[in-house]
Amino acid sequence: MAKRIDSTPKKDGYRMPGEFEPQRQIWMIWPERPDNWRNGAKPAQRAFANVAIAISQFEPVTMVASREQYANCRNMLPPEIRVVEMSNDDAWMRDCGPTFVVNDKGCVRGIDWDFNAWGGLVDGLYFPWANDDAIAQKVCEIEGVDTYRTPGFVLEGGSIHVDGEGTLITTEMCLLSEGRNPHMTKEQIEEQLKEYLNLEKIIWIKDGIDPEETNGHIDDVACFVRPGEAACIWTDDPANPFYEEAQAAYKTLSEATDAKGRKLKVHKLCLTKKPCLLSGAETIDAVEGTLPREDGEVCIASYMNFLIVNGGVVVPQYDDENDKLALEQIQAMFPDRKVVGVSTKEVVFGGGNIHCITQQQPAGR
Numbered sequence: 001m002a003k004r005i006d007s008t009p010k011k012d013g014y015r016m017p018g019e020f021e022p023q024r025q026i027w028m029i030w031p032e033r034p035d036n037w038r039n040g041a042k043p044a045q046r047a048f049a050n051v052a053i054a055i056s057q058f059e060p061v062t063m064v065a066s067r068e069q070y071a072n073c074r075n076m077l078p079p080e081i082r083v084v085e086m087s088n089d090d091a092w093m094r095d096c097g098p099t100f101v102v103n104d105k106g107c108v109r110g111i112d113w114d115f116n117a118w119g120g121l122v123d124g125l126y127f128p129w130a131n132d133d134a135i136a137q138k139v140c141e142i143e144g145v146d147t148y149r150t151p152g153f154v155l156e157g158g159s160i161h162v163d164g165e166g167t168l169i170t171t172e173m174c175l176l177s178e179g180r181n182p183h184m185t186k187e188q189i190e191e192q193l194k195e196y197l198n199l200e201k202i203i204w205i206k207d208g209i210d211p212e213e214t215n216g217h218i219d220d221v222a223c224f225v226r227p228g229e230a231a232c233i234w235t236d237d238p239a240n241p242f243y244e245e246a247q248a249a250y251k252t253l254s255e256a257t258d259a260k261g262r263k264l265k266v267h268k269l270c271l272t273k274k275p276c277l278l279s280g281a282e283t284i285d286a287v288e289g290t291l292p293r294e295d296g297e298v299c300i301a302s303y304m305n306f307l308i309v310n311g312g313v314v315v316p317q318y319d320d321e322n323d324k325l326a327l328e329q330i331q332a333m334f335p336d337r338k339v340v341g342v343s344t345k346e347v348v349f350g351g352g353n354i355h356c357i358t359q360q361q362p363a364g365r
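Everything in the sequence shown is counted per this note's numbering, starting at 1 for the first residue and increasing by one.
No lab work stands behind these hints, which were simulated from the structure alone. Backbone N, C-alpha and C fix where the C-beta goes; we use that ideal spot for every residue, glycine too. There could be a bad hint or two in this list.
Claimed, not checked - Now the in silico label distances, taken between C-beta atoms and shown as ranges:
(1) 7 - 188: 16 to 22 angstroms
(2) 103 - 53: 30 to 36 angstroms
(3) 121 - 251: 45 to 51 angstroms
Please work from the sequences and hints to get the whole structure.
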């Protein structure tokens, strides 16, 4: 039976594994909010289904769906994808779901961070968010996984990447934002991360590329490919909307060492040739308390928002001329994995991508 543990993962010998380590399954949430997704979320649902199907060729997938959407979700997904009914506020499992930790014996536990919709009443994206804040515990209960709760400490899974060997990458823009943990200093936030993820070293990148939505999550900017190696977005084009952030992040990572003292090898990953712009905003419902949307907004279309799975990497595609180049660059980073592209423009229109809508559960015993 799953229980709450009044300790910390570091004290108990648990660590957050790298995404490239063996996984048991991937968790997702079915989209439906008409005030976030175009056309009553129907195009987004097809994109989520395609992402889930792509992942399922490598490992099991569990899709969470609301009571209202359960039958539709079940009908749109193949039988090998498990569907579980669960209340939710929106479809970002990376950020509201649990962060899993493991020990050397292969036991798995979950961290249930405080979730406040990316900034709470300061600059959060919707209200209320209580259903989403409860998802991490529910996922762990279904899996029989004990949990650590962090009352008073807000964190989303998309704001962190680890190498599994004591190093974490994050952004100051997100973790030091006013809507997260304004009562804590940078040093206190570092201590909390070290205690709950079992870390020795935190590499701070100054800015992410989406200040308006997630306050600059790292998973659009950089990640660990394997211990000692990272990937980072890159462009030579000063006209690219993400040029300055990409150049600065690459410089920071190239000069960084990890917890083991290794100088990081940093792989460059291209950005889209043309900005990805929102269209069809008139089909998104206007609701008080939800960020309004307009046609022509620059969407955060980053190839970095891929997901590493057992034997594969699932990569966003945007109908952009750099789609093929991104797949080639990622294949070069992961020569032993099959790289699969999925068209995810509809997910980007809602404010995230493949990494944002998924959460991996490590293999464990």
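Hint by hint, here is what the structure shows:
Our hint of 16 to 22 angstroms for residue 7 and residue 188 holds, since their Cβ atoms are close to 19 angstroms apart. In this structure, residue 103 and residue 53 meet the distance hint of 30 to 36 angstroms, their C-beta atoms being roughly 33 angstroms apart. Our hint of 45 to 51 angstroms for residue 121 and residue 251 is violated, since their Cβ atoms are close to 35 angstroms apart.
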